[in-house]
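Chain residues, written in single-letter form:
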Amino acid sequence: MRNRNATAYRFLTPYLLIFAIFWVWPIISSFMISFQATRTVPWRFAPGFNWGRLIGDPAFFNALKNTLLILVIQVPAMIALAMLMAVLLNSPLLKARGLYRFAFFAPVVVGEVAYSAVFRLMFSLDFGIVNKLLNSIGLPKIDWFSNVTPAMALIMIAVTWRWAGYNAIILLAGMQSIPEDVYEAATLDRVSKLKQFFYITLPLLKPVIVFCAVLSIIGTMQLFTEPFLITERGGPGGGTETLGLLLYRQGFRSLNFGYASAVAYTMAGLAIAITLVQLWLTREPK
Amino acid sequence: MSSLASARLKRSIALHLFLTPLALIWLFPLWMMVVFSTMPDNGIFSPGIELLPHGNFIDNFNNLQRDTDFVGAIVISVCVAVTYTFLSVMLTSMAGWALARYQFVGKGVVVAIILGTITLPYAVVLIPQFIMVARDFKLANTWVALIVPPLFNSLGVLFMRQSFSMMPDDLFDAARVEGVKEWRIYVFIALPLARPMLAALCIILFLASWNNYLWPLLINSQPGSMTAPVALGTLIGLTKVSWGGIMAGAVMLTVPMLIVFVLLQRHFIAGIAAGAVK
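Protein sequences, first through last, are from chains R and U. Numbering (this note's numbering) for the first sequence: 226 to 511. Numbering (this note's numbering) for the second sequence: 107 to 384.
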């Protein structure tokens, strides 16, 4: 490792330039835009204009409520499922490991639009394969798109399908980096597999789980494509409207950049708060 | 010992009995994507349960091409993804190299900022990026707009930094003693050594560009400048549209990536898992 400022910055410049133009400036800019009235030309500084509207806007609280609901249910369920996948894929007893890995990891390469289209067809009321299968085993059809609860469930199912394998890959890599002899010693001491999981795997994997949780929370916080395409613009009647969708609607349909920026900063604030809480919860004991 | 062996067998059977249905459920949407793409529209919207492919893919593809210029959109998507991957690998590997191999003023700050952006929602930069690219630079509906703004990525740089910092020092020091310039050391010694990691990075970046939806949806909304996912997305929700065609498009977006995934699984997984092992 050598101390060479000029050389180092020569390698870093292109990257930092892109970063400055397309990230640093926008971060500052959207903060400032959130304090401006942007529906009149020229924009004027009006500190309470967007933020005042935000705290009294039922559409905002509806989107916030939906986003947090998805966050609270879907993220823990998905991480638990990903954990289960990773543990089972890691089992030495598993045969045809490649096939199982393919099944769980394949959704990682599937684009949002492609899978949204498939889920829409699969869950349609009268001709969707899911309702047909439910019917064939004697269960009633579910109207996934006209009622809020099933529509929310559908969004969560879709996101979980798409991202559980992604998290399983990260968790699996984390598990495989735990030294084998820890488990061997535990097995010699007749510690059951279940106890090994709770007393060895989970604690050692904590940083990786936190990493997955943070990435998933940031992703779900911005959830846009699934309610945009699957439940058609946050339907039924705003029942699956998310903050991401509200931002899109305000910013790019109504071209109200100021209000959309306030929504964006709310998302950022929430993301940072949740991340800090998680870091605090999982801090190393002194 | 035989009771131990039979216990193992029981555990193994239980494992497979649990995992197989789960794997089938997980594969089901992909399988149905293929099935739908080969069915005529009146077959998709019929009361029967169809779980096997038919022979209608070409007709569906023609319907799709009638609804939107999907082939043109695919060409744009491929060109953009290739260019983006090349540029992004260059930028991120150079930055990763600098962070891994040199000590310099401000290094801690740079690393902290990169780490910080991981937890920052993209939504915060979206609106100013759009205003800047569309209004100030007047670049909406161009390839540049699709390629350049997404070039910044934080996980890729951290991945390359980790890859370069694992290489032994003496390798580079020997070259330095010979008077080899730093950029030559990077290009001719470090990059070839990092080939597996670069492959992983390429795949992840290509995939990210190929599947990117929100930014291309906003910035390249004119027909004729849309990427393939955006073009396909415009059809979802229309009333008079061929769903068999939409599924044919979904298959064309997905199956090539699945093949790449199967062939290069190791690199793929290395790229995604990079965040886990520090």
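Where hints are given, some of them may not hold.
[Stated by the list, open to error] With a Cα cut of at most 27 angstroms, we get these calculated DSS-like pairs of lysine-lysine:
| hint | chain 1 | residue 1 | chain 2 | residue 2 |
| --- | --- | --- | --- | --- |
| 1 | R | K418 | R | K431 |
| 2 | U | K213 | R | K357 |
| 3 | U | K213 | R | K366 |
| 4 | U | K116 | R | K320 |
| 5 | R | K420 | U | K346 |
| 6 | R | K290 | R | K420 |
| 7 | R | K418 | U | K116 |
| 8 | R | K431 | R | K420 |
| 9 | R | K320 | R | K418 |
| 10 | U | K287 | U | K213 |
In case anyone wonders, no lab produced these hints; they're calculated from the structure. The model shown is predicted, which means the values in this text are computed figures rather than measured ones.
Checked hints:
no.	hint	verdict
1	R:K418 <-> R:K431	holds, 18 angstroms
2	U:K213 <-> R:K357	violated, 59 angstroms
3	U:K213 <-> R:K366	violated, 59 angstroms
4	U:K116 <-> R:K320	holds, 14 angstroms
5	R:K420 <-> U:K346	violated, 57 angstroms
6	R:K290 <-> R:K420	violated, 38 angstroms
7	R:K418 <-> U:K116	holds, 15 angstroms
8	R:K431 <-> R:K420	holds, 16 angstroms
9	R:K320 <-> R:K418	holds, 19 angstroms
10	U:K287 <-> U:K213	holds, 22 angstroms
The structure fails to meet hints 2, 3, 5 and 6 from the earlier list, while all remaining hints are met.
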